[in-house]
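Chain by chain, the residues:
Number of protein chains: 2
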Amino acid sequence: MIDKLIENIRKTGAPIVVGLDPMLSYVPEYIRERAFGEYGETLDGAAEAILQFNIGIIDATADLIPAVKPQVAMYEQFGVPGMVAFQKTVEYAKSKGLVVIGDVKRGDIGSTSEAYATAHLGRVQVGNVSLKVFDEDIVTVNPYLGSDGVKPFLKVCAAEGKGIFILVKTSNPSSGEFQDRLVDGRPLYELVGEKVAEWGSDLIGESGYSEVGCVVGATYPEMGKVLRKIMPKSYILVPGYGAQGGTAKDLLPYFNEDGLGAIVNSSRGIIAAWKKDEKIVAENGAGYADAARAAVVAMREDIAGIF
Amino acid sequence: MIDKLIENIRKTGAPIVVGLDPMLSYVPEYIRERAFGEYGETLDGAAEAILQFNIGIIDATADLIPAVKPQVAMYEQFGVPGMVAFQKTVEYAKSKGLVVIGDVKRGDIGSTSEAYATAHLGRVQVGNVSLKVFDEDIVTVNPYLGSDGVKPFLKVCAAEGKGIFILVKTSNPSSGEFQDRLVDGRPLYELVGEKVAEWGSDLIGESGYSEVGCVVGATYPEMGKVLRKIMPKSYILVPGYGAQGGTAKDLLPYFNEDGLGAIVNSSRGIIAAWKKDEKIVAENGAGYADAARAAVVAMREDIAGIF
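Sequence order for the protein chains is R and B.
Residues in the first sequence are numbered consecutively from 21, following the numbering used here.
Residues in the second sequence are numbered consecutively from 21, following the numbering used here.
One chain only, chain R, in its complex shape:
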C-alpha cells in the first residue's frame, strides 16, 4: 500500500492527506437540515449529515490529493449509525482512487490486536467464508503495549498488502509527558522510532519505503529531524500543520532528500475552510466543498514552497 500511496503522491504532486474529522458544527446548515428532515435529530440523522458532507469534500478534492484520513472517533461518537457512515466514507474514498488512512490509534495485545487488525485491514473468518470488514488501506497504531501489540498488524499488512503508521511523537502540547522522558539520556520517542524501523524492515515496498510508517507531529521539527534519520525507510504522517500551529517551513526536516518520506495532514484547515471563506461560500454554507478545494490548492503551494 505504501507504493500506491507514493504513486498517488507523485501523480498529484501533493504530499497531503485530508483529515475527514467531521464535527457536526463543521457541516453546513443545509446539509444538516436535509439529514435531520429525513431521519430526525437522531444518530442516524447525524451520521447521514457527516456522510453527505464527506462525499462533497471527496468529490471536490479527490483529483488533487493522494489520500484521506477519516478519524474514527468522530464517527464512533454517533454510535452504530456513525460506524455505518465511517464504512461508507472509506468505500466512497477508495472508489475515487484515494488511499484511506483509518485514524483509529488502536493498540492491544495478542488475539485482541489481531482482532483490531482484522477489523480495519484484514478479513474475518465466519464459518467457511472470509469477509472484509472496514477495510481501510492503512491505519494508525498506538505502541504503548510494545511488540505484542504491533506484530499482529504486521502479519495482516504482509498478507493483505496494507500499511500502518505507528504513533511516535504526537503533535499535542502534553505529548512530552511520557514521550519525551529520557531513557539512558535519549527521549522515549527515539526508542519507539527505532522499534518502528525494526518492525518495518521486512515490509519494504518497491519504492524502497516500508509498509510501517510513523506519526510525528509538525509542531516538533527538531525532533522530526532526528526521527527522520532513525527511520529512513518509514513514511512520516505529519499532523499539526495549520490549525495546531505547524507551518510549512517546519515541514522540511520530515522529508528525505528524494522529496518523499512525509505526508502532511490537515483536517479543520481543509474541511472547515468554508467558515473563513466569505468569497466562495453562501451564508447557509453552500460552496463549502469549493472552499475545501481552494484550501487544498493553497496548502499544496505552501508545501511546494519549502523544496
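Hint data in this document are derived by calculation from the structure and do not stem from the laboratory.
All residues carry an ideal CB built from backbone N, CA and C; glycine is no exception.
Please note that the accuracy of each hint is not assured.
Distance condition first, Cα-Cα at most 30 Å in a straight line; then the derived BS3-like pairs of lysine-lysine [unchecked claim]: (1) B:171 <-> R:295; (2) B:269 <-> R:295; (3) B:299 <-> B:24; (4) R:152 <-> R:116; (5) B:249 <-> B:269; (6) B:108 <-> R:108; (7) R:108 <-> B:152; (8) B:175 <-> R:295; (9) R:171 <-> B:295.
Selected chain B positions facing chain R (Cβ under 8 Å, derived; list incomplete) [said to hold, decoys possible]: (10) 46; (11) 129; (12) 147; (13) 211; (14) 302; (15) 304.
Based on the hints, put chain B in the right spot on chain R.
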C-alpha cells in the same frame, strides 16, 4: 461509578470481572449453527452468535459477579453488525445490574479524545437533542498521548458519574519494551502511575476510591506492589490471571488493606471453560454457561484464599 462497582463487589464477595471477549471459536456449535441458519455465514450471523453466547454467559453468572468487561475489538472485527452486538451486550449486562467496563483502550487528543469519551461514556448533541451512545459505565484508556488525551475523559466522568481505567503496566511479555524503561532511575510505568493518581484526585467517590483507576497486569506482582502505593485511591483492574499465567497468590499486592482496591479479570478462563469441562458440557457445547458459572465459583474461591 466506582462506588457502584465497590457496592457490587461487596454484595457478591467477588473482586472479579468476566471478560466478554468472544472469539467465534469459543461459541458452541449449536449457537453458531442457529445464528448462521438465520443470517448465513455473514457478519450479521457472527454478531448474532456472539450476542447469544454472551447472553448465556451473563444469565449464568450475573448473580455471582460485580461486572463484565466486553473487549470491543472482538466485536469491531465483525464490523457494523459486531458493534450492534457490542451495544446490545452492554445494555443486557446493565439490565442485570452489572457494571460494564468497555475495554476500548482509546486514546487521542483534544476534540478527538472528547469524541471517544462521548461515544463510550457520554452523550452526543444532535441538533436540540442530547443522546447516549454506547454508554458503558467505565472504559479503559491509553495514556501515551499524555494529559491532553485523558482530560476529556475526566470531564465526562465528572458530568456523568462514570469511570476510567488507565493502562499503566500491561500483562503481556513485551509490555516492558517501553513501559519498563528507566526515567531518572524509575520505570516509565511509575510515572504513568503518578499521573493516574493526580488525574483521579478530583474524582473521589463516597467509598474513598477514585473514578480514575488503572490497569496493572497480574503477571508483574512486584510492580503491582509499588504501583499500589503510588495510586492508593485508584482501583486496579488486573488482567492476566489464569490463561496468561498469573496465579491467585500473585494478586495480594494489588489489594489495599481494606480488602478493596483491585478487580481481577478473567476472559478465556471463564467463557471458554466449557472446552475443558467434560462433566457438565455436552459434545455440542450445551452447558457452556454452566461451565462458566462453575469457573467463576472456582475463581472466587481461589481469590478468597489469598486473604
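Verification of the hints:
Proximity of residue 171 (chain B) to residue 295 (chain R) is assessed by CA-CA distance (about 28 Å); at most 30 Å being required, the pair is judged to hold. Distance check on the hinted pair: residue 269 (chain B) and residue 295 (chain R) sit about 60 Å apart at the alpha-carbon level, beyond 30 Å; violated. Restraint check for residue 299 (chain B) and residue 24 (chain B): the C-alpha separation of about 36 Å exceeds 30 Å, so the hint is violated. For the given pair, residue 152 (chain R) sits about 19 Å from residue 116 (chain R) by alpha-carbon distance, which is consistent with the 30 Å threshold.
The suggested pairing of residue 249 (chain B) with residue 269 (chain B) holds, with an alpha-carbon distance near 19 Å, which does not exceed 30 Å. Distance check on the hinted pair: residue 108 (chain B) and residue 108 (chain R) sit about 23 Å apart at the alpha-carbon level, within 30 Å; holds. Straight-line distance between C-alpha atoms of residue 108 (chain R) and residue 152 (chain B) comes to about 23 Å, which keeps the hinted pair within the 30 Å bound. At roughly 28 Å between alpha-carbon atoms, residue 175 (chain B) and residue 295 (chain R) fall within 30 Å of each other, so this suggested pair holds.
The suggested pairing of residue 171 (chain R) with residue 295 (chain B) holds, with an alpha-carbon distance near 28 Å, which does not exceed 30 Å. For residue 46 (chain B), the shortest C-beta to C-beta distance to chain R is roughly 11 Å, which exceeds 8 Å, and the interface hint is violated. Taken as an interface hint, residue 129 (chain B) checks out: its beta carbon lies about 4 Å from the nearest beta carbon of chain R, inside 8 Å. Nearest Cβ of chain R to the Cβ of residue 147 (chain B): about 4 Å, under the 8 Å cut. The hint holds.
Hint status for residue 211 (chain B) relative to chain R: holds, with the closest Cβ pair at about 7 Å, below 8 Å. A cut of 8 Å between beta carbons decides the hint on residue 302 (chain B): the least distance to chain R is about 21 Å, and the hint is violated. The beta carbon of residue 304 (chain B) comes no nearer than 16 Å to any beta carbon in chain R, farther than 8 Å, and the hint placing it at the interface is violated.
Going down the numbered hints, you'll see the structure goes against 2, 3, 10, 14 and 15, while the others check out.
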